[in-house]
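Chemist: On the provided structure of chain Y, position chain P as indicated by the hints.
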Amino acid sequence: GENVEQHPSTLSVQEGDSAVIKCTYSDSASNYFPWYKQELGKRPQLIIDIRSNVGEKKDQRIAVTLNKTAKHFSLHITETQPEDSAVYFCAASIWGDKIIFGKGTRLHILP
Amino acid sequence: DVKVTQSSRYLVKRTGEKVFLECVQDMDHENMFWYRQDPGLGLRLIYFSYDVKMKEKGDIPEGYSVSREKKERFSLILESASTNQTSMYLCASERGTTNSPLHFGNGTRLTVT
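Taken in order, these protein sequences are the chains called Y and P.
All residue numbers for the first sequence refer to my numbering, where the first residue is 1 and numbers rise by one.
All residue numbers for the second sequence refer to my numbering, where the first residue is 1 and numbers rise by one.
This is chain Y alone, in the form it adopts within the complex:
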């Protein structure tokens, strides 16, 4: 079955700098790659997703890139702010199948 690896497990960046979180997946049939953000004590919520027919997608300060050949995808956050502090999860799925998550990255934004 699908396996998703996520790195790093913890990331600290200075406020205003950029943060990058990387994930790899094992099943080349996977075609949907969502990212979820979980703030302390709250439920995970979708922040951005990308489908396999697209190489990059951007939404304000957040962008996701996908390299199907290498089977990896990344989350980029620019101009980080204190409210970006959270745990971020990448995930992969094949249409109509279960969504498998990475182990998460705890992002700390330093003042």
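By construction, these hints were calculated from the structure, which means they are not laboratory data.
Using N, Cα and C, we set each Cβ at its ideal position, and we do this for glycine too.
Keep in mind that a hint or two might mislead.
[What the hints assert, rightly or not] Examples of chain P residues lying across from chain Y (beta carbon under 10 Å, computed): (1) Val19; (2) Tyr35; (3) Leu41; (4) Gly42.
[As the list claims (entries may be wrong)] Derived DEER-like restraints, expressed as beta-carbon distance ranges: (5) Leu41/P - Lys42/Y: 10 to 20 Å; (6) Val54/Y - Glu56/P: 24 to 34 Å; (7) Glu15/Y - Lys18/P: 46 to 56 Å.
[Unchecked claim] List of simulated lysine-lysine pairs, DSS-like, C-alpha gap at most 30 Å: (8) Lys3/P - Lys71/P; (9) Lys57/Y - Lys71/Y; (10) Lys57/P - Lys98/Y; (11) Lys13/P - Lys3/P; (12) Lys55/P - Lys42/Y; (13) Lys103/Y - Lys55/P.
Modeler: Only chain P this time, still in chain Y's reference frame:
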């Protein structure tokens, strides 16, 4: 806005007890999922369901069962709770169309003593 409601926020049970975790969604979603969340291990899929009375094993089904008698309700059952099942349990639902996002409940923190 989709609402996924889990019946309990915190639950304390004794080893060997039968435990029911309930989840209800109000948007007529086809698919429902149970995950457990543990520090350093992320979100691991226990069971999921694509339709009423249907269930599929996830990655860690041992020690759990599920029930989906109605479309809006998906129950997770711990037949005989053990201390290693102490965890945060998250229910989620999904529309069931191509690549739609998961909507999570607030979670149930279960402690087994």
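Chemist: Now tell me, hint by hint, if it's right for this structure.
Modeler: Hints versus structure:
Hint status for Val19/P relative to chain Y: violated, with the closest Cβ pair at about 21 Å, above 10 Å. With 10 Å as the threshold, the beta carbon of Tyr35/P comes within range of chain Y, its nearest partner Cβ sitting at about 8 Å, so the hint holds. Hint on Leu41/P holds. Least Cβ distance to chain Y is approximately 6 Å, under the 10 Å limit. Checking Gly42/P against chain Y: minimum C-beta separation of about 4 Å stays under 10 Å; hint holds.
For the hinted restraint 10 to 20 Å between Leu41/P and Lys42/Y, the CB-CB distance of approximately 19 Å keeps it satisfied. Take Val54/Y and Glu56/P: their Cβ atoms lie about 28 Å apart, and the range 24 to 34 Å holds. Distance hint check: the CB atoms of Glu15/Y and Lys18/P are about 49 Å apart, consistent with the given range 46 to 56 Å. Taking the CA atoms of Lys3/P and Lys71/P, the gap is about 14 Å. The hint holds against a cut of 30 Å.
Of the supplied pair hints, the one linking Lys57/Y and Lys71/Y holds, its CA atoms being roughly 16 Å apart against a limit of 30 Å. A distance of roughly 10 Å separates the Cα atoms of Lys57/P and Lys98/Y; the hinted pair therefore holds under the 30 Å criterion. Only pairs whose Cα atoms come within 30 Å are accepted, and Lys13/P paired with Lys3/P is accepted, the gap being roughly 27 Å. Between Lys55/P and Lys42/Y the CA atoms are separated by roughly 27 Å; this keeps the pair inside 30 Å, and the hint holds.
As the CA atoms of Lys103/Y and Lys55/P are separated by approximately 24 Å, the hinted pair is consistent with the 30 Å bound.
Hint check: a violation occurs at hint 1 only; the rest are consistent with the structure.
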